[in-house]
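Kindly produce the complete structure, drawing on both the sequences and the hints.
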Amino acid sequence: MLFIELFIQGLIQGSTYAIIAVGLTLIYGLLRVLHVAHAGLFTLAAYLGVTVTNQFGSLSLGIVVATLTSGIVGVVIYRLVYEPILNKPPYVALIASIGLYIAMEELFRLIFGPFGLSFSSAPLQNVVVIFGIHLRACQIITVITNVVLLGILAWIAQKTRVGIGWRATVDDPEMSASFGIDPIRVRYLVFFVGSALAAVAGVLVALLTNLVEPTMGAVPSYKSLAIIVLGGLGNVFGTLIASLALGVIEAFGTIYIGDFLDRDAIAFAFLVVVLMIKPTGLFKSR
Amino acid sequence: DDTIKIGLHVPLTGFAASDGKSSTFGAELAVKQINEAGGVLDKKLELVIYDDQANPSQSIPVANKLIGQDRVVVGVSGSYSGPTRSAAGVFQEAQIPYLSAYAIHPDITRAGNYVFRTSFLGEVQGRAGAKLIGEIMDKKRVIMITLKNDFGKSLAAGFKEKAADFGITIVNEYEYSMKDRQFGAIVAKVKADNPEAIYASGYYFTAGPLISELRASGVNAPVIGQEGYDGSKFIEIAGKAAEGVIITTSLDRDSKVPETANYIAEFEKLAGYPADMVSASVHTAVKIAAQAMENAKSTDPVKIRDAISRISMKASTGTIEFNALGEVQKNVQNQIVRDGKWHHHSVIDDPELLAPPEK
Amino acid sequence: MAAILSAEAVTVRFGGITALKDVSFEVKQGEFLSLIGPNGAGKTTLLKTITGIVKPANASIKINDREITKLPTHSRIRLGLALTHQIVSPFKSMTVLQNVMFAAGYKKVRNIGLSILNFSRSSEKKDAMAFLEMVDIAQYKNFPVSTMPLGILKRLEVARALAIKPKILLLDEPLAGLNSQEASRLADTIKLISQNGMTTVMIEHNLSEVLRISDRLYVLDNGKYLASGNPKEVMKQPEVRTAYLGS
Amino acid sequence: MGPYEISLATGVGIYVILAVSLNLITGYCGQISLGHAAFFGIGAYTVALLSKLGWPMYLTLAAGLSSAGIIGVIIGLTSLRVKEDFLAIVTMGVAFLFVGIVRQQEFFGGEMGISGIPSHGMTKFAYLCFVLVFAMLSILFSWYVKKAWIGFAFDAVADDEGTARTLGLDIKSYKLTAFAMGTSMAGLAGGLYAYYTRFIVPETFGFIESITILSMVAVGGIGSTFGVVFATVLLVMMPEVFRFINDYKLLLYGALLFGVMRFKPEGLSGFYTLLTGNKEK
Amino acid sequence: MMLKISNFCCGYGNMQVVNHLDLEVKKGSVTGILGANGAGKSSLIMAIAGHVEIKNGSIVYNGEDITSCTPMERVSRGIALVPEGRRLFKSMSVYENLIIGGYITRKKDSQTNMEKVFDIFPILGERIRQNAGSLSGGEQQMLAIGRALMTDPKVLMVDELSLGLMPKAIDICYEVIEKLNSLDMTIMLVEQSTKRALQASDNVIVFESGNTVWKGSSNEAKKSSEIIDSMLGLRNH
Ligand SMILES: Nc1ncnc2c1ncn2[C@@H]1O[C@H](COP(=O)(O)OP(=O)(O)OP(=O)(O)O)[C@@H](O)[C@H]1O
Ligand SMILES: Nc1ncnc2c1ncn2[C@@H]1O[C@H](COP(=O)(O)OP(=O)(O)OP(=O)(O)O)[C@@H](O)[C@H]1O
Ligand SMILES: [Mg+2]
Ligand SMILES: [Mg+2]
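Protein chains in written order, with this note's numbering: chain A, 1 to 286; chain B, 1 to 359; chain C, 1 to 247; chain D, 1 to 281; chain E, 1 to 237.
What the hints contain is simulated information worked out from the structure, not anything from laboratory work. Check each hint, because a few of them may be wrong.
Unchecked claim - Think about it this way: if two alpha-carbon atoms lie no more than 30 Å apart in a straight line, the pair counts; the simulated DSS-like pairs of lysine-lysine are:
1. C:K236 <-> E:K27
2. D:K124 <-> C:K92
3. E:K116 <-> C:K232
4. A:K278 <-> E:K90
5. D:K52 <-> C:K92
6. A:K88 <-> E:K55
7. A:K278 <-> C:K70
8. D:K264 <-> C:K107
What the hints assert, rightly or not - Here are a few chain C residues that sit away from chain D, every Cβ distance over 12 Å (derived from the structure):
9. F14
10. I17
11. E67
12. A138
13. I193
14. G197
15. G229
To be verified - Under 7 Å between C-beta atoms, here's a sample of chain A residues computed to sit facing chain B:
16. L2
17. I4
18. I12
19. Q13
20. L107
21. R109
22. F112
23. P114
24. P123
25. E174
26. T209
27. L211
28. T215
29. I249
30. A251
31. T254
Here the structure is a predicted model, which means the values were calculated and not measured. Think of the CB as a built atom: it goes at the ideal place given N, C-alpha and C, for glycine as much as any other residue.
This is how it looks when you write it as structure tokens:
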């Protein structure tokens with residue numbers, strides 16, 4: 001029973017990782033950019049979700065505003081930040097992204113204050129008991145959202161012409177243009193979708209913890225970097241599995257080896273061990 | 001010069017910025033009150049505030065700047081243990097009195113005789129927690145959920161030290177890190193452990209989500225926290241789940257003591273949100289510094305130091321007196337959440353239990 | 001004359017594909033051997049196995065009767081091998097000259113100690129210039145390689161291989177991408193170098209040049225040995241003609 | 001010089017060593033590391049523990065340098081299998097593991113860190129000079145490495161490992177040497193830091209710190225020693241210079257990182273070449 | 001007239017590498033582009049495909065000015081490219097490379113086109129799941145041609161058709177070119193082998209350092225092939 005419950009908790013945690021990490025892996029897959037500022041959009045969405053919900057009393061409106069805004073901001077970031085430095089060495093975009101993320105964190109603090117925001121009355125907190133396991137509605141929704149969204153995405157990326165086209169722009173944007181794939185449009189689209197996913201994750205996490213802080217993106221930002229590597233950079237399905245696996249390992253790890261390694265260290269120990277055995281990640285880099 | 005400068009370092013940016021903000025308000029309130037009452041030694045008191053990002057390497061140049069450039073006569077830390085501990089060494093070396101408002105690292109006062117602390121040591125509060133659970137509440141099977149930083153660790157140490165004395169069996173201890181906000185795994189295990197009470201260290205931003213999750217998963221055992229929870233934000237985050245949570249702290253919301261009651265009222269007026277422990281501690285520290293100067297009738301650091309060591313003063317967080325090490329001994333205020341507000345629960349005044357180390 | 005380089009029973013698999021199956025061959029001191037065969041026959045793979053870039057399933061490779069199968073690439077190179085790449089791979093951050101200079105300094109980077117103690121680059125610069133002249137690209141010396149057309153890069157590959165003063169030169173399609181004049185000039189240069197005692201193995205599809213300068217041909221087809229011997233005679237063999245020439 | 005300037009300059013000196021050391025690994029040899037602060041930490045912890053056992057300063061510093069170097073080589077050995085972004089992420093993992101392990105071990109002082117590190121026994125000014133001498137030595141060393149053949153070999157490794165190998169270069173030992181040199185210098189910086197603060201906690205050597213160091217290298221212009229030194233001074237001083245705008249300091253810092261990478265991706269050393277018209281690297 | 005290029009200059013940054021070129025390509029013709037290394041052949045091809053900055057002049061395709069069209073617009077009008085160095089999508093499979101080739105065609109057409117490609121290059125059919133990057137040099141060339149054919153082109157531009165191919169494969173490729181040409185496809189060929197180029201093309205243009213030094217029908221050129229040969233070698237003498 002405890003094991004099942006730990007497993008489920010791991011899946012819930014892993015689902016939030018997955019939704020963030022998949023956006024990141026898509027973007028990485030597309031541009032070979034470790035887009036740390038992705039976590040800034042996650043935070044932005046959480047703030048918007050809470051603010052709008054508190055203001056207008058509608059969570060759905062909050063989600064819509066948060067995803068659309070984050071998606072658009074994501075596209076703007078691509079356009080203004082990454083596009084001009086795409087053909088520079090990878091660390092350039094990485095550092096730019098980190099700088100941007102620091103600035104975003106600070107902006108959130110200056111705009112929304114340092115204390116964090118909460119829902120004035122948090123939605124989706126009603127408890128459902130399934131086989132003796134207490135779950136909040138928001139937890140169940142997190143897992144379902146994850147599976148549905150990512151399932152669709154993985155299918156698009158791996159199996160459809162559009163997906164193959166996306167991936168072609170990764171290898172050689174100039175040539176893909178020569179075969180009728182507009183790399184710019186693909187990038188806008190991927191940034192929009194990826195950022196919107198981060199936004200969904202942001203609102204979900206806000207529901208789960210009822211707390212939105214300027215620094216809430218920090219842990220996801222680097223943990224999802226680890227995850228996308230484990231999942232085989234650019235591989236949507238691999239990222240999903242890696243996220244869930246990590247969630248579950250963390251859940252058990254916190255309980256059984258928590259006094260040897262803390263949660264974040266468990267994630268990275270797992271990562272380092274896997275990469276030592278298999279330098280290309282758990283799954284094929286798509 | 002017609003002002004006397006007090007130096008304050010706080011985390012204005014970075015992960016601890018919220019406490020930095022409260023600290024700043026607490027200090028500003030103290031200065032405002034003092035200046036309105038005529039200042040110190042007929043001069044106005046002036047605050048010099050710098051950001052240390054709660055980072056131990058940042059606080060060293062900050063301390064040196066306060067001492068060397070701004071020539072403050074007293075330093076106050078409104079920051080966490082790391083930066084406070086490294087700044088303490090600098091103040092000690094420069095022989096400028098230094099008051100740590102709420103940092104709990106045991107070695108801070110060991111930096112030397114110029115360093116004082118106006119709040120409890122983590123251990124002391126942990127011991128009080130043991131008494132609260134084992135004796136006052138009479139719960140014996142306890143689970144500990146410990147925040148993995150200096151604060152949580154020293155609380156846990158104090159708690160464990162006295163647990164047996166109050167008949168408490170510690171069934172299990174789980175640790176989490178400062179950055180955790182989701183506690184599903186721990187909660188699942190706690191549920192399986194089925195304790196009578198839960199001693200959980202943390203800050204409002206970890207405790208809020210933790211306690212919501214505990215309650216949602218059907219764990220109904222009472223939760224005992226500490227001053228890290230203190231503040232309205234905790235209740236805002238945890239909502240209904242916060243009801244009945246008890247903490248050990250130094251600020252009694254229902255206090256009839258004028259210093260405290262007055263502080264609580266004035267703070268909310270100034271800051272726009274209810275008072276918390278952090279701000280009260282910094283408020284206390286600044287008041288002590290001012291009082292010490294009055295007592296010493298001088299701004300000479302040596303004299304101020306002596307005055308601080310001899311001080312006995314009622315402040316917002318209780319009556320402050322320092323022992324030989326520079327630690328304070330005062331009563332622990334237990335507060336409980338009722339109807340979405342902090343209220344008086346009980347007081348622990350057992351001098352032996354609360355005795356800070358002398359060396 | 002004794003074989004300076006020999007590869008016995010080379011088998012290489014990539015996943016499901018067997019790129020080379022039990023191939024054996026040897027080169028004699030000073031010989032000019034051309035390795036030909038259809039696309040995908042495994043020629044490049046054979047050279048990469050000899051240099052240790054590709055790990056074979058089975059092989060025994062010897063230089064001067066010394067077993068080198070277990071050695072890492074760089075140690076084999078130091079025993080006197082040099083390889084040019086079919087898909088050119090210059091150091092992109094360097095100029096044409098620096099590419100060759102670095103190769104010419106191979107002795108100074110043999111080990112860390114030497115590389116720390118050695119400072120001067122002037123003699124390497126002189127050597128490098130000589131090699132660039134040898135392949136006719138001296139006028140491009142100060143250009144960053146990223147702007148150079150393929151023909152220049154192909155010759156740069158050769159110059160760089162020569163700069164490490166190998167005993168055995170392994171050339172993977174050095175003439176591809178050059179026009180006929182340029183190809184025959186470079187072929188002449190290579191022939192000249194080989195006549196001065198350099199053992200040479202060349203993969204090349206430019207048959208007229210191959211026939212003009214090779215001492216011997218070795219033909220691979222579909223990962224297997226097909227024929228070897230005197231160029232004219234080999235080219236007369238019907239299996240070779242059908243596999244390679246299609247007539 | 002007041003105590004403030006001295007402490008600031010000492011900090012700058014330590015960071016110069018750190019940044020220059022990372023530049024050896026990342027700038028010269030092309031191996032992106034997001035975990036450099038771990039080696040800084042290994043040096044600091046070694047020195048802290050040994051100095052508390054009463055070892056004299058020169059011995060503890062030597063020990064800090066070698067322990068970081070040795071662990072650096074071990075990490076380097078295991079990292080040889082992974083490349084580029086994978087390497088970056090593995091080294092990031094190392095940074096987290098270091099902090100994760102240290103904070104759990106009572107032996108290392110756990111969460112409480114190590115306080116009461118004995119004094120270096122010099123005046124603050126003398127210690128500053130001491131640190132600056134090491135900083136100068138690191139700069140000279142790094143400049144020398146660039147000019148010597150080893151620097152040329154690093155260039156080749158950074159550019160294209162496969163090609164370098166087919167020219168007879170022993171890639172592994174060059175990478176390891178870069179790791180060894182860089183990490184031991186970081187260990188030394190850690191030792192100097194321990195004597196400077198006389199109090200260390202695990203968090204100081206975490207991921208954020210690694211990023212800070214990498215930023216110094218990138219902002220300076222990866223591979224350019226003087227650019228890196230300049231950027232280090234700039235980035236360490238910046239928060240100090242802008243103390244008066246407390247609240248906006250980090251915002252400014254983030255904006256600077258971002259701005260330099262966005263508008264001057266080759267780093268500030270680009271300005272230098274622009275000014276002197278000197279195109280040669 | 002399929003393509004009409006007038007007073008055309010292109011280059012990189014400040015450098016101009018093709019100067020004042022005038023060229024007319026008839027529908028259904030094969031045009032050979034010759035010249036020594038670095039003459040600007042590839043740059044011309046890439047400029048027509050839309051990847052190199054056009055500094056001056058115009059390209060008119062089927063009566064329509066496409067000088068400022070994006071590469072995508074050009075390919076959708078029927079201009080296909082086999083670029084120098086192949087530029088395959090290396091981390092994707094043979095199949096996926098071909099799918100991308102057929103990105104702008106209808107799915108059904110894409111299927112039949114792919115079968116045609118496998119008919120021409122059976123080895124590609126055998127390697128269908130293999131990563132393009134791990135194909136042998138010659139196989140890569142075949143894939144590059146196959147990929148271009150997947151676009152259903154009206155004009156096919158091939159840079160270094162025979163590069164790295166065995167004689168048999170070269171023959172096959174030229175047969176393919178001839179066949180495509182007989183189906184009324186217009187073809188532009190960059191070729192190092194003068195002989196081959198003259199055989200296959202109707203017209204040739206010879207470059208030297210970005211300037212047109214000779215232009216005319218290949219029959220004319222064949223008569224004076226020595227002249228052309230020496231022109232090609234000029235730079236090196
Ligand atoms: N890394 C690899 N993974 C899978 N297959 C490979 C790999 N490298 C080569 N191959 C396959 O092995 C076979 C031999 O390849 P190789 O490059 O040796 O051919 P080659 O004789 O040099 O041909 P070409 O003349 O076309 O260059 C080819 O069919 C190729 O697809
Ligand atoms: N990306 C680039 N940036 C700058 N200059 C370039 C670039 N690509 C090519 N060049 C320059 O343009 C000129 C023409 O090059 P191009 O590749 O068109 O020649 P080519 O005739 O195709 O030669 P080859 O037969 O070797 O392929 C050369 O001098 C080359 O250095
Ligand atoms: Mg080959
Ligand atoms: Mg070309």
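**Q.** Violations among the numbered hints, reported as their numbers in ascending order
**A.** 1, 2, 3, 5, 8, 17, 20, 22, 24, 25 and 29
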